[in-house]
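Put the complex together from the two separate chains, hints included.
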Amino acid sequence: MTTNKRETPLIDQLEKGPWPSFVKELKKSADNPMTNDLLGVLERSYNDRIGHWKHGGLVGVMGYGGGVIGRYCDLPEEFPNVAHFHTMRINHPAGWFYTSDVLRKICDIWEKHGSGITNMHGSTGDIIFLGCVTDELEPTFSDLTEAGFDLGGSGSDMRTPSCCCGMARCEWACYDTMGFTYDITQHWQDELHRPAFPYKYKFKASGCPNDCVASIARADMSIIGTWRDDIQQDDAAVAEYVTSGAVDIVEDVVGRCPTQCMSWDGEKLTINNRDCVRCMHCINVMPKALAPGKDRGATILLGAKAPIIGGALLSSVLIPFYEMEPPYEDLKELVEEIWDFWGEHGKNRERVGEFIQRIGLGNFLEQIGLEPTPEMVVHPRTNPYIFFELDEDEDEEEED
Amino acid sequence: MSALASNRKTDIGPPHYEQFLPPIIKKNYGKWKYHENPRPGVLVHVAESGDKLYTVRAATPRLASTKTIRLFADLADEFCGGHLRYTSRNNVEFLLTDETKIDALIEKLAAAGYPVGGTGASITNIVHTQGWIHCHSAASDASGVVKAVMDELYPHFVNMDLPAKVRIAFACCLNMCGAVHCSDIAILAVHRRAPKIDHQAMARVCEIPTTVSSCPTGAIRPATVDGHQSVEVIEEQCMFCANCYTVCPAMTLNDAEYDGISIWVGGKVSQARSEPKFSKLAIPYIPNNPPRWPEVVEAIKNIVEVYAANARKYERMGEWIDRIGWPRFFEVADIEFTKYHIDDFTHAGETFRRSVHFPRIG
Ligand code: SF4
Ligand code: SF4
Ligand code: SF4
Ligand code: SF4
Chain A
1 MTTNKRETPL IDQLEKGPWP SFVKELKKSA DNPMTNDLLG VLERSYNDRI
51 GHWKHGGLVG VMGYGGGVIG RYCDLPEEFP NVAHFHTMRI NHPAGWFYTS
101 DVLRKICDIW EKHGSGITNM HGSTGDIIFL GCVTDELEPT FSDLTEAGFD
151 LGGSGSDMRT PSCCCGMARC EWACYDTMGF TYDITQHWQD ELHRPAFPYK
201 YKFKASGCPN DCVASIARAD MSIIGTWRDD IQQDDAAVAE YVTSGAVDIV
251 EDVVGRCPTQ CMSWDGEKLT INNRDCVRCM HCINVMPKAL APGKDRGATI
301 LLGAKAPIIG GALLSSVLIP FYEMEPPYED LKELVEEIWD FWGEHGKNRE
351 RVGEFIQRIG LGNFLEQIGL EPTPEMVVHP RTNPYIFFEL DEDEDEEEED
Chain B
1 MSALASNRKT DIGPPHYEQF LPPIIKKNYG KWKYHENPRP GVLVHVAESG
51 DKLYTVRAAT PRLASTKTIR LFADLADEFC GGHLRYTSRN NVEFLLTDET
101 KIDALIEKLA AAGYPVGGTG ASITNIVHTQ GWIHCHSAAS DASGVVKAVM
151 DELYPHFVNM DLPAKVRIAF ACCLNMCGAV HCSDIAILAV HRRAPKIDHQ
201 AMARVCEIPT TVSSCPTGAI RPATVDGHQS VEVIEEQCMF CANCYTVCPA
251 MTLNDAEYDG ISIWVGGKVS QARSEPKFSK LAIPYIPNNP PRWPEVVEAI
301 KNIVEVYAAN ARKYERMGEW IDRIGWPRFF EVADIEFTKY HIDDFTHAGE
351 TFRRSVHFPR IG
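In order, the protein sequences belong to chains A and B.
Under my numbering, the residues of the first sequence are numbered 1 to 400, in order.
Under my numbering, the residues of the second sequence are numbered 1 to 362, in order.
Bound conformation, chain B alone (with noise of 0.2 Å):
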């Protein structure tokens, strides 16, 4: 133990990235002069040397056994002397330097399952979340859902055919670990009902205080119940958020007839053109319904195919909704209007409309 505990790092923060860089990276850093996306996944960059770096993109599932990643070692060394990357969006890329190997990598990758494309104004990864597969409070699994989706949207990852790029973003609680809420779609799990207190665990699992102090909304307070040591929760403040299971695992908000899906679109990021957004609520609640969520794929395959037929060349969802005015999008995307889509919470009066701006009625 003794020696064990002698030699034992710590603190010794990640590897250098420089040592796993590819050569004409180490040799153009900081010296890259244009780029261009060529077809669908490939792009080229084009140093201030005349170096050409070669990128070809694939989707992952972002779940991945190692014997993926060995599969995509392998890939690197017969293709790129060794190196690749990974993308913020689940994405894996190959780093040629020889364009005559692009083909080959190409073919490789797809027999082996793993498509390329996503550069360019197409729909790429979507990046999501652990779902049933690892979280405790999923209120959907979130693999499946991206995996019945992308399955529908497959023909927008491989060609660039859409106005802009729509990036999609899923969530299985309102947590929302990644970027869901500024995201063109965002697609986000919701539970429907208040937490399912387990009053004779409480006491015992939980601290009381921490509890009652997580709620967002004030609906947790202090209560004696059958002589344990408990919580009570007033419904009609509940929003579902799931914040109380988070530091309290008494407190259950799983339910397989209640949680289920909504739908928010017009969020970006990219500061380009206009301002980011938050992505704003579109359908409120659709079912579970696994394996394949035929509903919410439905959904979803509606508002990119309206949005690819009516948006202007590199408007983004939300800049073609702000164009066009909200009442126009429930409208062309034929999505119903009701009061879960006015908010009531902090900033709630912000989002009325305080003009006479909006498209004409019929």
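Bound conformation, chain A alone (with noise of 0.2 Å):
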């Protein structure tokens, strides 16, 4: 089939500049009918200053509700080989690690049944391969799972989960960001790719309280690693900090702490671990010299969200201090729960954070079978329109 090179005047002038240009990565895969059109629809964006696509129609997989994402041209006519340019997520390996052999893989289903061009990632860490007719979603999916691939979530299910590189290249991991990623997708397949929770559910695990994969506003759950005993403290590293020029210890370390829980003598760095809240402050400024503590684990967060639909939120603290020890059973159970009581008392997309913003915090602890600590609040309520359980208090009283 012979097609016609589109002519991309104002999308051209994005191939300039020192920045990598997306328009040269259409371009070089512009051989294919698909993109060939792919660049012309979005020059006509560029002139009309409008997107040219439509959602709508349930594509997918058979047996599978999500991991497809349906889109059409609202130009078919003109622009034929896009008329269908369905989304496909892939869920990509934990941490982003890729050989060169099995990214050559994905590349030759890709050039063969759609558009070949991808993100390398989406939004939620999955593959993205952009541009696949309804036709090819099947077969597409047969090779991917020959060559050992899945698909990712879509709609309301589990989306993919995702994570830092954590032990496999970072000192500060304190936990198996990987590990658990992998054990909880494979838990969860299910839930992955058959939708039946009332909106979506994202879990972002971080090795670190750096929170590299940006857990606290991007995951309904938020695993972010974190210690419970001292700071590993190596003297002789601190006092070469300060002695080769290459740190102001009292201005960049001290002065930065946010809790003022850090002095310096002149000779040696003090730290009141009581009073640290593990910000990583001081250990990012002088990682040879300071190093999480050693009884590590993670705090658990949940309901952070984008504004859609009732406002933006951040995850809040559920469980202050877990151990992520395999096969993480208990936290399993806790997130079971969680879904249980959500998606049957949720409205149709309400995020958790916002069902738990409609029925109160207390409220649902008490549903999922947790106990309140202070940990869970900035402070504790300034409004006296306590919602007193008479009942409950005078049971308590005959126990006592």
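Hints are supplied without guarantee of correctness; some may be wrong.
Said to hold, decoys possible - Some chain A residues well away from chain B (every beta-carbon gap over 10 Å; in silico):
no., residue
1, Lys16
2, Pro76
3, Ala83
4, Asp230
5, Gln233
6, Ser244
7, Gly293
8, Ala312
9, Glu325
10, Ile359
11, Gly360
12, Met376
13, Glu389
To be verified - Simulated crosslink set (PhoX-like; lysine-lysine; CA at most 25 Å straight-line):
no., chain 1, residue 1, chain 2, residue 2
14, B, Lys313, A, Lys112
15, B, Lys313, B, Lys301
16, A, Lys105, B, Lys67
17, A, Lys5, B, Lys67
18, A, Lys105, A, Lys24
19, B, Lys101, B, Lys26
20, B, Lys165, A, Lys288
21, A, Lys28, A, Lys112
22, A, Lys112, B, Lys108
23, A, Lys288, B, Lys33
24, B, Lys31, A, Lys294
25, A, Lys28, A, Lys5
Derived from the structure by calculation, the hints contain no laboratory data.
In this text, a Cβ means the ideal position worked out from N, Cα and C, and glycines have one as well.
Okay, here's the thing in structure tokens:
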């Protein structure tokens, strides 16, 4: 099939400049008729200042409810090769490590079945194949599973969990983020592939409070590595930072500690670890001298989301310290409690964070069987409108 | 068909990561001691065993042709025993054990158009969304704005010359695929016109009760229009979130004239020093001006330069602004403060100043 190369004077201007150009990427694959038409649609959007895509229509692979997002062009006559241009989400390997061989396998599959255009990676962490026609979905899926890959999540399901590279390359990882992510992804394949929740549920796992995968802002359940003993401190290495002039210890370290729990007497750094909130700042500045403690685990937080529908939320503390020992049984049970309760009482398209706002954190904790702790709030309530439950109080008195 | 169906694999999950790890990582998994950032884009991680792993980080445009992935695979074969990884911000990282090969790799990447940088106190890749490449509700293009902005900020990618790192993110509608709302600088495309309703198609392509309940402000109600079962929108109540459009294709929000870009500043996700924060509104609206959005580029460059000139070492954008106060931020960045900067949604009252702690006037 011969295709006329699309003229694209507007987007051609985005080939210039030092930053890698997505237009060049598209042109690299423009021998593919879909990508050639994609260039044409994009040029049209630049001209019209408006997008030309429609969503809708249930598309997917047999037996799955997620992993494919239906997309159609609103100018199908002009751009017939992108009339159907669906997205496939492919569950990435935890930590995004690849070998050259497996990358070539992925490329072979996508050149055979689709546009040759990908996102490495999408916002949830998946490998994204951009531009598949409906008829090619099943054959692509079959080649993917043959190569050892499977689809990720979409819609009202568990979304593809993702994590930082953790113990693979980071000395600060307080638990095995990749091991954990692989474990829960395999454990909840059904929840990943068959949407049955009120809305999406994301997991993101960061090995320490630097939170490199932005879990506190992007995940319904944020798992952030932490420790509960003292920061490991190498005094000789601290002295080296100071004498070499690499670090102004008073200004850059002691002076920036949020709880003022460090002091420097001219020779020795003292940390009052009882007051440390494990923010990572001093460790980030002096990685050779300081390290997270040895008694490590994670803080589990719940409820982050972007604005849609009821406004943006950050996750808040649910379990102040969890040991993160495989197979993570207690945590899995708790997650299923949350899914059951939210699944039954959550409204359509209500994220778990919004659900908690609606019913109250106190009630939520009671329902999922967790005791309230002061770590869960910034401060206790200031308003006196307390909904006392007298019956319970009386029962307790009788028991005493 | 039946043969196919019986061989069909499902629910196998992702491949186990271990098979893709380079030998040095398998050997030192969980046993890293410290790391250093000897120059922009290069990290060295030192293990307890004494082994050293060199990481070379290069930018990609996120949208990648398979031909580029093959190029990276070839480079991984040549320099890293066939191993590489991607980062959560769409950079590619080559993992070397031989320090002497770093320069040659960086040269080849540069020649192919993939600059090395984005570590330490720099501006790394902009996390972004699909835009006009692929999404139905995009109020602007994503890749084009990102490309234009990063062409300008490129010196801050290849140098570590800022007080602290600056994380920039882009989203093309309020759905905000990505951590836009907690970025040092968030570029957020916005619609500003209530949905245009296709009354004829409505009852056929949408469920009316679902559409009505999709609206966070209750602006949609059922109505019969010209004999068609449809809905109407109370325009004063619409804040252009496109929620209705996501559940109902007959309510388009896209508008060539009124869509554009807003800029938010001072968010962060890391816990270092201060708690994570949302980004706050700096500039409510800049019109779309493709293909290179010069006004958006200029506005962001200004904010970065003002920050770079005024913040203290290690201070993130939001920490700097918290220290000097928002009135001073608007003053030094020379940005107009308008009624749109004042919150009027659910928790608006919490953002009113209830003290006299503000920088002196004049
Ligand atoms: S989140 Fe912490 S452990 Fe994970 S990569 Fe970042 S700094 Fe390392
Ligand atoms: S981790 Fe943070 S709170 Fe703890 S001592 Fe270091 S700077 Fe202070
Ligand atoms: S931010 Fe909005 S327009 Fe952009 S890709 Fe996400 S849903 Fe689509
Ligand atoms: S755009 Fe948002 S606020 Fe406006 S009618 Fe639609 S759902 Fe309601």
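In rising order, the numbers of the hints this structure does not comply with
1, 8, 14, 22
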